[in-house]
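Protein sequence lines correspond, in order, to chains A and B.
Counting from 1, one number per residue, gives the positions in the first sequence under this note's numbering.
Counting from 1, one number per residue, gives the positions in the second sequence under this note's numbering.
FYI, nobody ran anything at the bench for these hints, they're computed from the structure.
Yeah, the Cβ is synthetic: ideal placement off N, Cα and C, and Gly gets one too.
Any given hint could be a false lead.
As the list claims (entries may be wrong) - Here are a few chain A residues that face chain B, going by a calculated C-beta distance under 7 angstroms:
| # | residue |
| --- | --- |
| 1 | Gly53 |
| 2 | Met90 |
| 3 | Ser91 |
| 4 | Met93 |
To be verified - List time: in silico DSS-like cross-link candidates among lysine-lysine, alpha-carbon distance up to 30 angstroms:
| # | chain 1 | residue 1 | chain 2 | residue 2 |
| --- | --- | --- | --- | --- |
| 5 | A | Lys42 | A | Lys83 |
| 6 | A | Lys57 | A | Lys69 |
| 7 | A | Lys83 | A | Lys69 |
| 8 | A | Lys69 | B | Lys38 |
| 9 | B | Lys90 | B | Lys140 |
| 10 | A | Lys42 | A | Lys96 |
| 11 | B | Lys140 | A | Lys43 |
| 12 | A | Lys42 | A | Lys57 |
| 13 | A | Lys83 | A | Lys57 |
| 14 | B | Lys38 | A | Lys96 |
| 15 | A | Lys69 | A | Lys42 |
| 16 | A | Lys83 | B | Lys38 |
| 17 | A | Lys96 | A | Lys83 |
| 18 | A | Lys42 | B | Lys38 |
| 19 | A | Lys43 | A | Lys57 |
| 20 | B | Lys90 | A | Lys42 |
| 21 | A | Lys96 | A | Lys69 |
| 22 | B | Lys140 | A | Lys42 |
| 23 | B | Lys90 | B | Lys38 |
| 24 | A | Lys43 | A | Lys83 |
| 25 | A | Lys96 | A | Lys43 |
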Amino acid sequence: MTTSDASTSDASTSDASTSETSPDDTHSRYELDETGFNEVPKKWRKFYRHWGGPTDKLARNEVICPVCKIVIRSARELQPGDKLYCMPCMSRMVVKEGPDGHLFAEVIF
Amino acid sequence: MSSDEDFDPHVLAEEEFIEEVQSFEFWFGAVEGYLSGKSYGHDPEAVDLPMDEVERDRLITTLCHYCVGETAALEGASGLVSLAPNHPAKIFMATQVVDEARHLEVFLRRLNDLGVEDTATEIQRQANPALVEFKDALLKLVASGDWDAAVFAQNVILETMEFTVFRAHARTADAVTAEILEGVISDERRHFGFGENDLGRRLAHDPAARARLRDVRQNLDGLVLGVFEGALADLEVPASDRHVLGRDYLETVERLGLTR
């Protein structure tokens, strides 16, 4: 199973092949596969996917771009303070944690 | 370094990121993804299903509005190439000129498909005066050399609203029009994203410029909002989808600190 399979499920429930913890990093790592997103050059495509709407549950390595509503994916589990780029809309953002523990992205200029 | 890390966009330095996403090289790789194999924005084998006269006339009117908007952006973006403050912005704006010309072309072709032979006359006849007024105002901002105001008018006001309207329209449109719109939507993501992020960085260094942009907003956003609200109503887009037109735009101006 890859994160393309896990894109609508919580990564914590994914099987062992979905993510692994590297010895020098407490963040789980994700092996990303392309999900059909084709609005950036091929080498960057696996880092983004289309959002499926409110029922589309994000994995721990994913946040929604507040500017263009594309799902941004990281090869690592995200933590507050991580910096991300949305290539489809050229935005730079920082990961924040909401009061209920969910992660979201805030644009930084 | 693993191959994943070789191409991880999130580890790029900000300047590297900007040079990458504003490059023609990036543009080629992006449009190749969603336009290759298409002819005038859609599958050349796609067959138009029958459309009744009312539906066809309504679509023609909407496409005429789109053509006015795309012409405004084409002429605006071409003027902005010379005003762009740095090389990556110049190069990006050149890619936008190409995109806007393509949008105009695919909408004109769609008008031809729908039986409109003299597209220039039809667009002039149907053009919404508010959108024409917006176009004139945008081109004046470009002619005055005001990069910030012109980018705000074009890439934030016009492009954000077009993006929202095209998305809503694509959900209800016939298959050929929907496919054309999907390609345009993918382009628009770059355009309004560039506008917000370029302005955001510039306003961070020059907060006083916000006052001027608030004036531009006050004078111009109502013109575009009115036209596209009308277009969504004409297209019988459900009211639940129509409210996002203003919402997406307001979220953008709020992030830029341009709300009053």
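Comparing the hints with the structure gives:
{"no.": "1", "hint": "Gly53", "in the structure": "12 angstroms, violated"}
{"no.": "2", "hint": "Met90", "in the structure": "4 angstroms, holds"}
{"no.": "3", "hint": "Ser91", "in the structure": "6 angstroms, holds"}
{"no.": "4", "hint": "Met93", "in the structure": "10 angstroms, violated"}
{"no.": "5", "hint": "A/Lys42 to A/Lys83", "in the structure": "22 angstroms, holds"}
{"no.": "6", "hint": "A/Lys57 to A/Lys69", "in the structure": "14 angstroms, holds"}
{"no.": "7", "hint": "A/Lys83 to A/Lys69", "in the structure": "17 angstroms, holds"}
{"no.": "8", "hint": "A/Lys69 to B/Lys38", "in the structure": "25 angstroms, holds"}
{"no.": "9", "hint": "B/Lys90 to B/Lys140", "in the structure": "19 angstroms, holds"}
{"no.": "10", "hint": "A/Lys42 to A/Lys96", "in the structure": "28 angstroms, holds"}
{"no.": "11", "hint": "B/Lys140 to A/Lys43", "in the structure": "40 angstroms, violated"}
{"no.": "12", "hint": "A/Lys42 to A/Lys57", "in the structure": "25 angstroms, holds"}
{"no.": "13", "hint": "A/Lys83 to A/Lys57", "in the structure": "21 angstroms, holds"}
{"no.": "14", "hint": "B/Lys38 to A/Lys96", "in the structure": "40 angstroms, violated"}
{"no.": "15", "hint": "A/Lys69 to A/Lys42", "in the structure": "20 angstroms, holds"}
{"no.": "16", "hint": "A/Lys83 to B/Lys38", "in the structure": "36 angstroms, violated"}
{"no.": "17", "hint": "A/Lys96 to A/Lys83", "in the structure": "10 angstroms, holds"}
{"no.": "18", "hint": "A/Lys42 to B/Lys38", "in the structure": "18 angstroms, holds"}
{"no.": "19", "hint": "A/Lys43 to A/Lys57", "in the structure": "25 angstroms, holds"}
{"no.": "20", "hint": "B/Lys90 to A/Lys42", "in the structure": "24 angstroms, holds"}
{"no.": "21", "hint": "A/Lys96 to A/Lys69", "in the structure": "16 angstroms, holds"}
{"no.": "22", "hint": "B/Lys140 to A/Lys42", "in the structure": "39 angstroms, violated"}
{"no.": "23", "hint": "B/Lys90 to B/Lys38", "in the structure": "28 angstroms, holds"}
{"no.": "24", "hint": "A/Lys43 to A/Lys83", "in the structure": "20 angstroms, holds"}
{"no.": "25", "hint": "A/Lys96 to A/Lys43", "in the structure": "27 angstroms, holds"}
Violated hints, listed in ascending order, are 1, 4, 11, 14, 16, 22; each of the other numbered hints is respected by the structure.
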